[in-house]
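Enquirer: So you can see what is in the structure, the chains are spelled out below.
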Amino acid sequence: MSISVAFEKARAEGRAVLVGCMPAGFPTVDGSIAAMTAMVEAGVDVIEVEIPYSDPVMDGPVIQKASDIALAGGVRTADTLRIIEAVAATGAPVVTMTYWNPIEQYGVDAFARDLAAAGGTGLITPDLIPDEAHDWLAASDAHGLDRTFLVSPSSTDARLAMTLGHCRGFVYATALMGVTGAREQTSSAAPALVSRIRAVTADLPVGVGLGVRDGAQAAEVGSFADGVIVGSALIRCMVDAPDEASGLSALRTLSAELAAGVRAVER
Amino acid sequence: MTDLLLPDATGHFGPFGGRFIPEALVAALDELDAAYRAAKADPAFVAEFEGMLRDYAGAPSALYEARRLSAQAGARILLKREDLLHTGAHKVRNVLGQALLTKRMGKRRVIAETGAGQHGVAAATAAAYLDLDCVVYMGELDTERQALNVARMRMLGAQVIPVATGSRTLKDALNEALRDWVASVDETHYLLGTAAGPHPFPELVRDFVGGIGREARAQSLEKLGGLPDAVAACVGGGSNAIGIFHAFVPDEGVRLYGFEAGGDGVSTGRTAASITAGSKGVLHGARTYVLQDADGQTLESHSISAGLDYPAVGPEHAWLHDSGRAIYEPVDDDEAMAAFQLLCRTEGIIPAIESAHALAGALRIIPKLAEELGREPVIVVNLSGRGDKDAHTAGRYFGILA
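Top line first, the protein sequences correspond to chains A and B. In terms of this note's numbering, the first sequence is residues 10 to 276. In terms of this note's numbering, the second sequence is residues 885 to 1286.
Just so you know, not all the hints are guaranteed correct.
[Stated by the list, open to error] With a straight-line cut-off of 20 Å between C-alpha atoms, the simulated SDA-like cross-links for lysine to any residue are: (1) Lys18/A / Glu275/A; (2) Lys74/A / Glu949/B; (3) Lys987/B / Ala1048/B; (4) Lys1164/B / Thr86/A; (5) Lys1164/B / Ala142/A; (6) Lys987/B / Phe933/B; (7) Lys74/A / Val248/A; (8) Lys1164/B / Asp144/A; (9) Lys1164/B / Asp118/A; (10) Lys924/B / Gly990/B; (11) Lys74/A / Lys1164/B; (12) Lys1164/B / Val117/A; (13) Lys18/A / Ser232/A; (14) Lys987/B / Ile1045/B; (15) Lys1107/B / Lys987/B; (16) Lys74/A / Gly128/A; (17) Lys74/A / Leu1183/B; (18) Lys74/A / Phe929/B; (19) Lys74/A / Arg1052/B; (20) Lys987/B / Arg1052/B; (21) Lys987/B / Ala955/B; (22) Lys18/A / Ala51/A; (23) Lys1107/B / Gly958/B; (24) Lys74/A / Lys987/B; (25) Lys74/A / Gln1181/B; (26) Lys1164/B / Glu275/A; (27) Lys1107/B / Asp1064/B; (28) Lys74/A / Gly958/B; (29) Lys1107/B / Ala955/B; (30) Lys1164/B / Pro36/A; (31) Lys74/A / Ala918/B.
If you are wondering where the hints come from, they were derived from the structure by calculation, not from laboratory data.
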């Protein structure tokens, strides 16, 4: 399945897609499946499963902490594929976010094959730029997977066009110059970046991430982007909770608020 | 020699190097690359850098014939005395070059990562000298272990930020510095401490420290009337080693030896020998040899030498290893400390524990080299730094300090 299905459905409803991120294996393998399932039930359209990595340079402290907990619990790349399979079974499209080294070690083609078999739609690659992505371009073509590269406010026009040319499914626009983490204000650079992307391609959906933490911000970002990507704020529900049940409860509440947020504005 | 022309235009040394980084940093790396190429071609920049190295840092460093050590070792050993440079190590060459480049790019702020604090102190020094703001990221655990270096950096006017994530050591400090840079690239230069990371850092750092090898080669010709049989250096990230190797790469008769930190021994798993004990992977912006598990998660490295305690290595070393031009071997803590003591007692020189790894490796290869050559070998050892900073560690190792 391509993630395009989710974007087409939301477009028909006149709203943005809500993408919610959770590290695989946090707090445990089963716990992360429960968390992602709760997000789907509460209205998150697309689940972004992050493969935990020891050195996540694009992520802020919340995601790093959750990833460290997952790794300390012994989660393996193969577990991530099981989690993806379980979440995909709920019917929600699942996209995988991963730093590049775990994929190289698994084997790029082998991972693409197993990801497709698990029902994953494709990869978001925060530290892989198309310039270095030869093997992934080939493997994603061979196994029919989406490719989401990042673009940034600092990307030149030439790089923007090159990167968008290699994306499939959607493009990830990093709204701020900075790492992940909920912020008081979303960035004013985001609408400008989305406009620059649309000037290059009108067809490719644009997801905007980094900084969204509540329904109002989801509505604001959803007014100009095709997808609203929320990570740290959702993960914090689980990190801050005294126990798993209250974490899931907080996660459902915030997911529902964000889902209402993307539905609060006409597009 | 094609090797001298590497990396290619996109920063690759064979399959190694490149750029594995967030798109947000590409513009800054391109800017740095362009600025560096323009600076390198500008005689005024080159002259200013060389003037700083000469008048401020004390270069060229001596190539010193270690006669008592040589007599004991059964080889003619020459020490490249980088320990005599300002700040006590070769690293001053790199920080002066990058700080000067920062000024040229019109940036006002530098950030740096540091393990034991040596690169942090060097960066703070260059920032003070060239009037730049300086922020140093240092693992919280390291700030506790190296309180004296934290004090030095603060005396020099730098801000030291302890990093409490992950293993609270060098690699986490590096992650945090990268995060700062993603958010501050417009006004900030990331003053990377070794010949690693994304393109153009491995090339740029190599070139700034490349004077070590150019000087040593000229000094060898003058002193020996020819080139040495071997050049030896320690390898953590690998800046001092690439600095002394590079000028000798076309000299096929000169064997290049890189000695990695074996830690407790490669077989124990408590090691920092990335080439010997690691495998190909991607870490901190480049493809290289990495200490990692089967899933590509970075493993913690171990070495008595803080400066070599890093789970990867610069990509040019990975290439020199795969191409066979240089030989990389591990040196365990105990072997390094024996060489440390030998140099203290025979020459009255207290080396950095990093540099003691180079000396230990050199001592180890002497019999084999002598047999191969049918005579006493001539070996240049890069004495990359002085050991004042290691007095505590060495004192405890030898039971002199409690």
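Enquirer: Look at each hint and say if it fits the structure.
Expert: Do the hints match the structure? See the list:
1. Lys18/A / Glu275/A: 15 Å, holds
2. Lys74/A / Glu949/B: Violated, because 52 Å separates the two Cα atoms, which is more than 20 Å.
3. Lys987/B / Ala1048/B: 31 Å, violated
4. Lys1164/B / Thr86/A: Measuring from Cα to Cα gives roughly 18 Å; hence the hint holds.
5. Lys1164/B / Ala142/A: 16 Å, holds
6. Lys987/B / Phe933/B: 12 Å, holds
7. Lys74/A / Val248/A: 8 Å, holds
8. Lys1164/B / Asp144/A: 15 Å, holds
9. Lys1164/B / Asp118/A: Given that 20 Å is the threshold and the Cα spacing comes to 17 Å, the pair holds.
10. Lys924/B / Gly990/B: Holds. Lys924/B to Gly990/B sits at ~17 Å (cutoff 20 Å).
11. Lys74/A / Lys1164/B: Judged against 20 Å, a Cα distance of about 27 Å means the pair is violated.
12. Lys1164/B / Val117/A: 14 Å, holds
13. Lys18/A / Ser232/A: The hint holds at about 16 Å.
14. Lys987/B / Ile1045/B: 23 Å, violated
15. Lys1107/B / Lys987/B: 38 Å, violated
16. Lys74/A / Gly128/A: 27 Å, violated
17. Lys74/A / Leu1183/B: Between Lys74/A and Leu1183/B the Cα gap is close to 17 Å, so the pair holds against 20 Å.
18. Lys74/A / Phe929/B: 44 Å, violated
19. Lys74/A / Arg1052/B: 13 Å, holds
20. Lys987/B / Arg1052/B: Distance ~31 Å between Lys987/B and Arg1052/B Cα, so the pair is violated.
21. Lys987/B / Ala955/B: Violated - the C-alpha atoms of Ala955/B and Lys987/B are around 48 Å apart, more than 20 Å.
22. Lys18/A / Ala51/A: 17 Å, holds
23. Lys1107/B / Gly958/B: Holds. Lys1107/B to Gly958/B sits at ~19 Å (cutoff 20 Å).
24. Lys74/A / Lys987/B: Violated, at roughly 37 Å.
25. Lys74/A / Gln1181/B: Holds: Lys74/A and Gln1181/B sit about 15 Å apart, inside 20 Å.
26. Lys1164/B / Glu275/A: 50 Å, violated
27. Lys1107/B / Asp1064/B: 47 Å, violated
28. Lys74/A / Gly958/B: 54 Å, violated
29. Lys1107/B / Ala955/B: Given that 20 Å is the threshold and the Cα spacing comes to 18 Å, the pair holds.
30. Lys1164/B / Pro36/A: It is violated: about 30 Å lies between the C-alpha atoms, which goes past 20 Å.
31. Lys74/A / Ala918/B: This hinted pair is violated, its Cα atoms lying about 37 Å apart.
When the structure is compared with the earlier hints, violations turn up for hints 2, 3, 11, 14, 15, 16, 18, 20, 21, 24, 26, 27, 28, 30, 31 and for no others.
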